[in-house]
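Asker: Here the sequence shown stands for residues -31 to -1, 1 to 248, numbered as in mature numbering (1 follows the signal peptide of the UniProt record, and there is no 0).
In short, the hints are calculated from the structure, not lab data. A virtual CB, placed ideally from N, CA and C, is assigned to each residue, including glycine. Each hint should be verified, as a subset may be incorrect.
[To be verified] Here are the simulated distance ranges between beta carbons: (1) C211 <-> D18: 17 to 27 Å; (2) E103 <-> R23: 25 to 35 Å; (3) V86 <-> N(-19): 23 to 33 Å; (4) S144 <-> T(-20): 33 to 43 Å.
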Amino acid sequence: MALRSLLCLPNTNLILILSFLDVKTIKLAQATCKELQFFGRYVINERYDRILLRYMSSPDAFRKLLDSKRAIVGGSSALEFFLGKVTWNSKDLDVFLRPAYLTDFLDFFHEEGYKRVFPWQEDVSPARQIPCVEASVKLRKGERTVDLLVTSFANAFEGVVQSWSTVVMNALSGSNAVCTYPLLTMNYSAVLSTPKTIALHHSSNAENIIKYEARNFTFSLPPSRRSPTTPRIAQYIPDKYCLFIRLCPDKRPQDNRPFRTRWLGDHDHVDMSAVWYDD
């Protein structure tokens, strides 16, 4: 009944309500009726573009560049995308890419007015010391920072799953989104990836742990059992599935337009590829 009453609201109000929800909840709501499938797709894509608009004037062009060069966005921006409304806004954009495409991204951000920050101008943050990242280029425009992280793997996603904790093992391409540990992440919990990160004061990731604890995340020690899909990270039993979303842009719905709602029943086919179950 609560979902049915939502569809009685003006479209702008419905969009506002959905914008506060995490991606998991939006995907579950989408499984109930055709209209919420449409509104959910719109809200998810608008959220992605709104995050990118902090750093650039043309999110569409950037998303096409990501897809054509097989690069991905990770870090705080990807985490914010999955969580929805948060108490913090990321000010740095982490882009994982292969060496052959570094020039393409430098050209794109140069057109957006970014200037390169060289090592002798600013100390390199320990947060940039990521395994499998062989080089990083920092760009800045005002208060916004873009970190181009060149990975040593053929697949840029490897740079994400080799990170220091499950909290940042999320990725956005131009047309897809992946949360590797959704049950942990959506509940503001995280597992440290290696024993080296446990000793807070001796870890190069100490500032990262402090930053995400300030964002209300809690960290646990890695169990001895290792994940079969990601050997570096410890297996967390409830997270049996990744959350994968195909991003399909939709036009903004006109406010107060009349429509007939068809609720999905047992005999309807629903694409549940982005919804996971915990048995």
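Asker: Compare the structure with each hint and give your call.
Answerer: Evaluation of the provided hints:
{"no.": "1", "hint": "C211 <-> D18: 17 to 27 Å", "result": "holds (23 Å)"}
{"no.": "2", "hint": "E103 <-> R23: 25 to 35 Å", "result": "holds (27 Å)"}
{"no.": "3", "hint": "V86 <-> N(-19): 23 to 33 Å", "result": "violated (43 Å)"}
{"no.": "4", "hint": "S144 <-> T(-20): 33 to 43 Å", "result": "violated (26 Å)"}
When held up to the earlier numbered hints, the structure conflicts with 3 and 4 and fits the remainder.
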